[in-house]
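Whole structure, please, built from the sequences with the hints as guidance.
One rule links them: number in our numbering = place in the first sequence (from 1) + 49.
Hints are not guaranteed to be accurate.
[Unchecked claim] Straight-line Cα separation of at most 20 angstroms, DMTMM-like style, residue types lysine to aspartate or glutamate; simulated pairs:
(1) Lys586 x Asp564
(2) Lys579 x Asp532
(3) Lys565 x Asp551
(4) Lys579 x Asp526
(5) Lys558 x Asp526
(6) Lys557 x Asp576
I should point out that these hints are in silico values taken from the structure, not numbers from a laboratory.
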Amino acid sequence: MSQTLKAIRGTRDLLPPETALWNRIEATARDVFARYNFGEIRTPVFEDTALFARGVGEETDIVSKEMYTWEDGERFNEQRMIVDWESLNRSDDPTHVQAGRAHVERLSPLLTQLNAIGVQREVTWGVALPGQQLPGSAPEFVCFRPRISSEAISALLEARELAKSDPASHLRQTHVRLRLVVPANAADNPWVERHDVTIQWFEGNFFDSAQSLTLRPENTAGVVRAYIEHGLGESGQLQKLYYIGPQFRRERPQKGRYRQFSQIGAEVIGPPSAGSESPLRDAEILEMLATLLDELGISGWTLELNSVGSSADRARYNDALRAALVPVVSQMCADCQRRAVTNPLRVLDCKVPADQPIIETLPVIADSLDEASRVHFAAVMAALDAAGVPYTRNHRLVRGLDYYTRTTFEFTHGGLGAQNALLGGGRYDGLSEMLGGPRAPGIGFAMGEDRLVLTLLAALDQNAATLKAEAYIAPLDEGLNADALVLARELRHQGLWIELGDGGFRLKKSFEAADKTARHIIILGEDELKSGILTVKNFSTGIQTKVPRAELAVFLSTPASE
RNA sequence: GCGGCUAUAGUUCAGUGGCAGAACGCCUGUCUGUGGCACAGGAUGUCGAGGGUUCGAUCCCCUCUAGCCGCCCCA
Numbered sequence: 050m051s052q053t054l055k056a057i058r059g060t061r062d063l064l065p066p067e068t069a070l071w072n073r074i075e076a077t078a079r080d081v082f083a084r085y086n087f088g089e090i091r092t093p094v095f096e097d098t099a100l101f102a103r104g105v106g107e108e109t110d111i112v113s114k115e116m117y118t119w120e121d122g123e124r125f126n127e128q129r130m131i132v133d134w135e136s137l138n139r140s141d142d143p144t145h146v147q148a149g150r151a152h153v154e155r156l157s158p159l160l161t162q163l164n165a166i167g168v169q170r171e172v173t174w175g176v177a178l179p180g181q182q183l184p185g186s187a188p189e190f191v192c193f194r195p196r197i198s199s200e201a202i203s204a205l206l207e208a209r210e211l212a213k214s215d216p217a218s219h220l221r222q223t224h225v226r227l228r229l230v231v232p233a234n235a236a237d238n239p240w241v242e243r244h245d246v247t248i249q250w251f252e253g254n255f256f257d258s259a260q261s262l263t264l265r266p267e268n269t270a271g272v273v274r275a276y277i278e279h280g281l282g283e284s285g286q287l288q289k290l291y292y293i294g295p296q297f298r299r300e301r302p303q304k305g306r307y308r309q310f311s312q313i314g315a316e317v318i319g320p321p322s323a324g325s326e327s328p329l330r331d332a333e334i335l336e337m338l339a340t341l342l343d344e345l346g347i348s349g350w351t352l353e354l355n356s357v358g359s360s361a362d363r364a365r366y367n368d369a370l371r372a373a374l375v376p377v378v379s380q381m382c383a384d385c386q387r388r389a390v391t392n393p394l395r396v397l398d399c400k401v402p403a404d405q406p407i408i409e410t411l412p413v414i415a416d417s418l419d420e421a422s423r424v425h426f427a428a429v430m431a432a433l434d435a436a437g438v439p440y441t442r443n444h445r446l447v448r449g450l451d452y453y454t455r456t457t458f459e460f461t462h463g464g465l466g467a468q469n470a471l472l473g474g475g476r477y478d479g480l481s482e483m484l485g486g487p488r489a490p491g492i493g494f495a496m497g498e499d500r501l502v503l504t505l506l507a508a509l510d511q512n513a514a515t516l517k518a519e520a521y522i523a524p525l526d527e528g529l530n531a532d533a534l535v536l537a538r539e540l541r542h543q544g545l546w547i548e549l550g551d552g553g554f555r556l557k558k559s560f561e562a563a564d565k566t567a568r569h570i571i572i573l574g575e576d577e578l579k580s581g582i583l584t585v586k587n588f589s590t591g592i593q594t595k596v597p598r599a600e601l602a603v604f605l606s607t608p609a610s611e
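Structural data, given as structure tokens:
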């Protein structure tokens, strides 16, 4: 069991019958998008890391700690191996992982130092190769030489030589990992903070990278990149694009939150002359989303709406907020005190009940909007009112990504726990320019498909099991198997959904299997084969009928037969 | 990344420091071309992985891994 491979953390398999629900959701989304004249775009699942750093924002959590990034096209570089081993020496806080690169020749002094502080007994280390395992650690590494110092160094040097001499070797990806396990009772050990175990990783990389690549953590940046790259703005037309596909973020998994997750999203983007900046576009998207959720069968959604204005507005608001927080922040929770310094906007998200009255007294961003943003937002709301799309203004709705401007929104649904947002989005008037493209205002959203499925499953509760084949063909003897296949072929060519049994089964077993997977059972014995009159039994009515072979397809697909 | 809870049959879960349990599901028979019901029988597990304590560990201790919940943040 310990040897079997499993889906890695935060990823999962989607199996029938749940996949049917996924397909239904996607089909409904495609149908709605088509009616609103959106076309599908498929962008690569990985892009240049710089795209996300610039587009999503260097300072966001997504970019700073949640991306799957790797160095592509690495080359061996001896110089680069000599880096930063000193960071271990000046470690003030031993509980933090030391992210550094080790020169292989320096591992020996490192070990000496570790011996000096009394951890030699527990040091395990070695060269790790992709696809192999270091005991009790990251699954992709193996420990060649546990608990042996000089031999481990030899192994490292050997691996380095191999990598140099064979550029195609998988050793090109060799990393050195050193794992230190400090005994729990080493109270006076400077590496131990608690009476517990501290683990430190020391990682070295033999290679220079030609390019840094990242699995997409969201799709808007990729869509805008494609818009720029293909000069879609040159058409002068508004681009209305939707996508459905996997995204990747390295977060702690929870229900409705996975490391590979699927988003359904859409973007409206184009030159201002095409009307891309019009509040009508905002309203159209929101009205479309209301339609989509309704058609998906989501009831009880809430649309929360806000405007964060231009980036200048937001900066002004940030200052106002910071100023307003100064006199009151000391009465707030610890998180808020931290946020007040690092990211005042996040104070608005605080869920601590005691803080709510204070938050209510803080300035709202609506008061910091310039005239243009104010007019824009009013027009969006007027259009929604006219269309009868219900919404609530939420002054605290401030989206996390850097590129949002003006309209921001979120559709939420109860019953998702802490992950109550079904979808979120907003306007990003400056994103194209941030990525070096032409001026191309846009607005878009992304819907968490995994959460949508959860919501729908909770609503459906059962009954996804109505998906059954039209008929199950039960040959009565193994000698009739070939004839059964011929019959199945006939019916399937006529468009029927057919399951094929096996003549090796006893009839009782055929019935049991058939009842689980199909609405009818067709019995194929010698008599039926000779006469061309088949025995068909309907499971819901229990009625058994003799049907001529030529009429089978009609009989099976006629509702009256049920 | 932090904190809490959890991990036992295909599934949902009981349970005990001394040979591993139930329900459902699965298989077989009663029933040689008629299921759903009933009855009788049967199979299934490295008790998540590794180490420790012990004469003996699925149970106690440590570590790792994974899931769930909360935080951070977000879809």
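Evaluation of the provided hints:
1. Between the alpha carbons of Lys586 and Asp564 the distance comes to roughly 10 angstroms, so the proposed pair stays at or under 20 angstroms and holds.
2. Note on Lys579 and Asp532: the hinted pairing holds, with a Cα-Cα distance of about 11 angstroms set against a maximum of 20 angstroms.
3. Pair hint Lys565 plus Asp551 holds up; C-alpha atoms about 15 angstroms apart against a cutoff of 20 angstroms.
4. Taking the CA atoms of Lys579 and Asp526, the gap is near 14 angstroms; set against the 20 angstroms cutoff, the hint holds.
5. Distance restraint check for Lys558 and Asp526: the Cα-Cα separation of roughly 13 angstroms lies within the 20 angstroms cut-off, and the hinted pair is therefore satisfied.
6. In summary, the hint linking Lys557 to Asp576 is supported, as the alpha carbons are separated by about 19 angstroms, within the 20 angstroms threshold.
Every hint, counting from the list given before, is met by this structure.
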